[in-house]
Amino acid sequence: MSDNSLLSINNLATHYVTDEAVIHAVNGINLELKTGESLGLVGESGAGKSTTAYSIMGILPKLTGRIVRGEIVFQGKDLTKTSEEQMRSIRGSQISMIFQDPMTSLNPILPVGDQIAEVLEVHGTRNRKEAVEKAGDMLEMVGIPSERMHEYPHQFSGGMKQRVIIAIALACNPQLLIADEPTTALDVTIQAQVLKMIKDLRTRLGTSLILISHNLSVVAQLCQNVAIMYAGHIVEYGPLRDVFSNPFHPYTEGLLNCIPRIDVDKKRLSPIKGMMPDPSLIYEGCIFKPRCPYAEDICTTMTPGISEVEGRKVMCLMYQGLIPKKMSFDKVGGGTND
Amino acid sequence: MTEGENLQPILSVKNLKKYFQTSRGSLHAVDNVSFDIEEGRTLGVVGESGCGKTTTGRTILRLIEPTSGTIRFDNIDINNLQKNDLRLIRSKMQIIFQDPYSSLDPRKTVAATIGEPLIIHKRIKDKRDLRERVLALMQMVELEERLYSAYPHELDGGRRQRIGIARALALEPKFIVCDEPVSSLDVSVQAQILNLMQDLQDRLKLTYMFVTHDMAVVKHISDEIAVMYLGQIIERAPAKELFEHQYHPYSRALIAAIPQMDLNLGNLTGTLKGEIGSPIEPKPGCRFAPRCDYFQEACSRADPPLQTMGTGRYVACWRANEI
Numbered sequence: 089m090s091d092n093s094l095l096s097i098n099n100l101a102t103h104y105v106t107d108e109a110v111i112h113a114v115n116g117i118n119l120e121l122k123t124g125e126s127l128g129l130v131g132e133s134g135a136g137k138s139t140t141a142y143s144i145m146g147i148l149p150k151l152t153g154r155i156v157r158g159e160i161v162f163q164g165k166d167l168t169k170t171s172e173e174q175m176r177s178i179r180g181s182q183i184s185m186i187f188q189d190p191m192t193s194l195n196p197i198l199p200v201g202d203q204i205a206e207v208l209e210v211h212g213t214r215n216r217k218e219a220v221e222k223a224g225d226m227l228e229m230v231g232i233p234s235e236r237m238h239e240y241p242h243q244f245s246g247g248m249k250q251r252v253i254i255a256i257a258l259a260c261n262p263q264l265l266i267a268d269e270p271t272t273a274l275d276v277t278i279q280a281q282v283l284k285m286i287k288d289l290r291t292r293l294g295t296s297l298i299l300i301s302h303n304l305s306v307v308a309q310l311c312q313n314v315a316i317m318y319a320g321h322i323v324e325y326g327p328l329r330d331v332f333s334n335p336f337h338p339y340t341e342g343l344l345n346c347i348p349r350i351d352v353d354k355k356r357l358s359p360i361k362g363m364m365p366d367p368s369l370i371y372e373g374c375i376f377k378p379r380c381p382y383a384e385d386i387c388t389t390m391t392p393g394i395s396e397v398e399g400r401k402v403m404c405l406m407y408q409g410l411i412p413k414k415m416s417f418d419k420v421g422g423g424t425n426d
Numbered sequence: 033m034t035e036g037e038n039l040q041p042i043l044s045v046k047n048l049k050k051y052f053q054t055s056r057g058s059l060h061a062v063d064n065v066s067f068d069i070e071e072g073r074t075l076g077v078v079g080e081s082g083c084g085k086t087t088t089g090r091t092i093l094r095l096i097e098p099t100s101g102t103i104r105f106d107n108i109d110i111n112n113l114q115k116n117d118l119r120l121i122r123s124k125m126q127i128i129f130q131d132p133y134s135s136l137d138p139r140k141t142v143a144a145t146i147g148e149p150l151i152i153h154k155r156i157k158d159k160r161d162l163r164e165r166v167l168a169l170m171q172m173v174e175l176e177e178r179l180y181s182a183y184p185h186e187l188d189g190g191r192r193q194r195i196g197i198a199r200a201l202a203l204e205p206k207f208i209v210c211d212e213p214v215s216s217l218d219v220s221v222q223a224q225i226l227n228l229m230q231d232l233q234d235r236l237k238l239t240y241m242f243v244t245h246d247m248a249v250v251k252h253i254s255d256e257i258a259v260m261y262l263g264q265i266i267e268r269a270p271a272k273e274l275f276e277h278q279y280h281p282y283s284r285a286l287i288a289a290i291p292q293m294d295l296n297l298g299n300l301t302g303t304l305k306g307e308i309g310s311p312i313e314p315k316p317g318c319r320f321a322p323r324c325d326y327f328q329e330a331c332s333r334a335d336p337p338l339q340t341m342g343t344g345r346y347v348a349c350w351r352a353n354e355i
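Just so you know, the protein sequences line up as chains A and B, in that order.
Mind the numbering: the first sequence is residues 89 to 426 in this note's numbering, read in order.
Mind the numbering: the second sequence is residues 33 to 355 in this note's numbering, read in order.
With the rest of the complex left out, here is chain B (with noise of 0.2 angstroms):
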């Protein structure tokens, strides 16, 4: 799909807000969160540990209830669904998870697994009926057929990853939520798993929000990437223009962080200095601020909105302008 087709979004969020209550105050996980994602596209969203990218994947499908916000998927409004709306609309929703060691029912043989959604949702006539449909989605996400039977503990991590993908496709959905899907596998699985997630997407035009902290594969799968940090999109860009240029500075210090192969190009130069804040009742103003070299004191007055700067790119930073 070319840029500046003007495509349908599937999936539309406009202020998302999860805020978790804690002892301490109230946690806020997703804050203040919107975003489009158009059909048959990616979305990376990438950002370090508790910067809430995992709760903004898991609310928009609703297995974590939004505090507030909009989430429309498919020209319908997902928040007010009622239980058994819900299901349906989830059949078309699915998640495949990061640890394919923990995500998967030891009990349960790869068949049991794979077929379990199409029982629940009744897609099936007779056990001959599901026994076609398993292999059939096997096959689609390359497992070996005698697999049929085999359990979990049996299978290194790139063919439980298999597992939970083919288990994601069962009810044919448009839409899945990848959470780290592949940061738990080595490198050389690592690259089989994506090539089958970019192919099963041309073959059935699926649309991807990919959820990870490993910023050389949401370059090479992502079609958009929005940056998050303690809770709220700070940077939101084409993916390869991310990659050219940074209109944030915390995108800009996360991208110089990445260690390079590339020796010549002077890597760990300019470190970013101290670490993540607390997402418990935080201060008004930029998030960033404390972290930032270009702080002024007008950044700590009121969270700066995510602004355009041309095509496609969105930045939240009140010097964007400037810097």
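This is chain A alone, in the form it adopts within the complex (with noise of 0.2 angstroms):
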């Protein structure tokens, strides 16, 4: 581990128990964050993205959620084996998350000002009018006057709520920000607002970032590495402009393929063939080869290990010279061009 290390994740698995079955959500990941760094997490649903986020915010379900094996490591400390009552006090103060959706994240019948200050008091401001002081101060830096700070949240629109979350989120000045979504239920000029406040704020303050999104384009806008998470696994882990102008893994390369972009006409879509497949089943071999343009005999049985190509990390099997590699695509957007 290097000596600004935020966050390390180690083998990390994630599992839902139920009585009908064991959803394995995330099956032994890694990831590395330096002090400073933002990094997106990339995947369809059901990747285990959010889970990730949970696990390292310690928010997974109680009744069905458990880390099964692995550890996240944020400031030298392991956070899998940290008490409720330490998470408490580092959740919203060193480490905060933003959810998807900006109209059930805040309390309906508190004034916005109150959340903010809420989060203040819980973590260490001793006055009343200092935590008040500083949430206006707070919703200045998110750009809604604190004459609002009185209002309640059905008084903002979308766009304003996702404001307001995000004062709350780095009223302690956190070291760490998981965002989940940040955008998604947003209109695409709000989003533009949102995304480049959230740039803005992060040159201002220095906070790392974990971004997790299914939108590329959302990604490319503020993270310097990305990790493409497919079925649980990290399939492709590197250095953001590499990985999206050169994809390594099948999964990354057929993500990137797939979708519609404004700036490469396609007559036709190269979609990925099939569906994820189902994570209450444990599979042999190789997780993507069932849906993989490349995929050998081999794929069914041997499970591909981490290769490190090109300062990126790859889980294929092509890159450990077990099978022969993909020889060309097309490395702008796919599809058949006009």
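There may be inaccurate statements among the hints.
[Unchecked claim] Covered stretches of chain B, as calculated for chain A (at least 3 residues, CB under 8 angstroms): (1) 212 to 221; (2) 286 to 294.
[As the list claims (entries may be wrong)] As a list, the in silico EDC-like pairs of lysine to aspartate or glutamate whose alpha-carbon atoms are at most 16 angstroms apart: (3) 361/A to 188/B; (4) 361/A to 176/B; (5) 124/B to 71/B; (6) 237/B to 71/B; (7) 46/B to 109/B; (8) 272/B to 255/B; (9) 115/B to 137/B; (10) 237/B to 255/B; (11) 355/A to 231/B; (12) 287/A to 125/A; (13) 46/B to 97/B; (14) 355/A to 234/B; (15) 361/A to 174/B; (16) 355/A to 255/B; (17) 272/B to 353/A; (18) 272/B to 351/A.
[Unchecked claim] For the chain A half of the interface with chain B, some residues (derived, Cβ under 7 angstroms), not all of them: (19) 284; (20) 309; (21) 350.
Simulated from the structure, these hints should not be mistaken for lab results.
Note that the Cβ used here is the ideal one computed from N, Cα and C, for glycine as well.
Work from the hints to combine the two standalone chains into their complex.
See below:
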């Protein structure tokens, strides 16, 4: 672990255990976040992105969610072994999280200013007046006039609510901010405003960021590094520009090829065939094999390890020299071009 | 189909209005919207939440009764149709909904859902005929035969949306309003459904009105695009041309706000200020004026008309010629 490591996730596996089945949501992932870094966690529904975030925050559903192995080291401390009481002092002050839906994240019967002040008071601001003052400052910082602190959530639009939530998340100046699809519920012009604001605040406050999104372009706006998740695994992990311009893993390639883009004309999209595997079953071999255009027989039986290739981590037998490398593909988005 | 071919519009909408009465006054959801769609083509309708795109689609099908305006489909004025005639014409005009989770009856099997329109419109001879027709529709949308007796909860979003498409196709319509049909799907599945919809359009000569908030999807699927803002069409253009140049400041801001994969394009520079205004009792004049960088006093005097700016291009902006 390097000196400026903020968060280090080693071999984390998280399952949901119900009477009917065990859902293998996260299956042994490794992540490393340096102070000041921004990391994008990308994948489709059910890839394990949010479960990873809940594991870090210690907010897995109590009855079903279980970290079955691995460690989450935050500033030298393993969060999987930290008591709930200690976690409570970390959450909101050192690690904050923003959720997707700004409509349900705020308390509808409390003025927004009080909701910001509450976080400050929980985390050590003794003086009520001071907390309220700081709450006003936080609102101004996210572009809302501080006079509006006495208003209730329903008096704010969706974009404004998400700003309030960001103000709450950043009130204690945390080292790490986890944003789970922060702009998915917002309109595109409002999304642009919020993304720009997160970007500016990060520059100003130096907050490290884990941004979870299914939208590759949103991640491209904010992140230096990206981890592509598929069925509970990180299949490719590295500098965002490299990964997006020249994907190594067949799933990353498929993901980039299947999205319509405004800067590239395609007559036809190239979907990834098939579906994500059932997370309640245990698979042998490569998890992506049934959908992979490059798969060979060996992929059915042999589980790929993680290879280091040109500063990236890739989970594919291709990079272990066990199946032939893919020859060529269309780097600009794929599909049939005009 | 190529540009310039003189096609008959299959749908022609003129001065369509839909006002809802609320306690705070009249809400102008659709306010004086006019457009044509030519047979076999796709009109994409884009805009942000509350711009009236969904209401426009539903009003055209008379799922919502229009306040005023004319809707001609296949040269028939459908505003004045009575119940029975409307039912007949509806078999030619169908809709695919956004959310395949809430738009399907959870107690009906795949076959019952797809077959229902055939039974209602008495298009089948007997049970065997029904079964064959349903299976043919399932094959058309690439649903596995084994799912014939399955229930929606057993299926993923992509397959559910295929059921919605099969049901819409059951009566062999000419025109389909597609209301955010891929917005709730994952990208890999979204691509499958978009390809399917394009294939079906080619095969069955379908005309689509494709309503969405996703600019990349609309560019991909449409021949022509109409941009809506607060109940009005503010710009209409051939799909590719709109992305090359926008006459209306709102279209410009909307396209500039789309995050791009290519970081060299320098994104998020000119973000639009403010938020969408209220559609209740709107003041006269351009609806976009309060957020517009090019605002002049003249803009708030009257609604700008949709004027032509060359072949196939229309814009509603008082200053379109200057900016």
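Worksheet entry | Contradicted hints - numbers only | As far as the earlier hints go, only 9 is violated by this structure.
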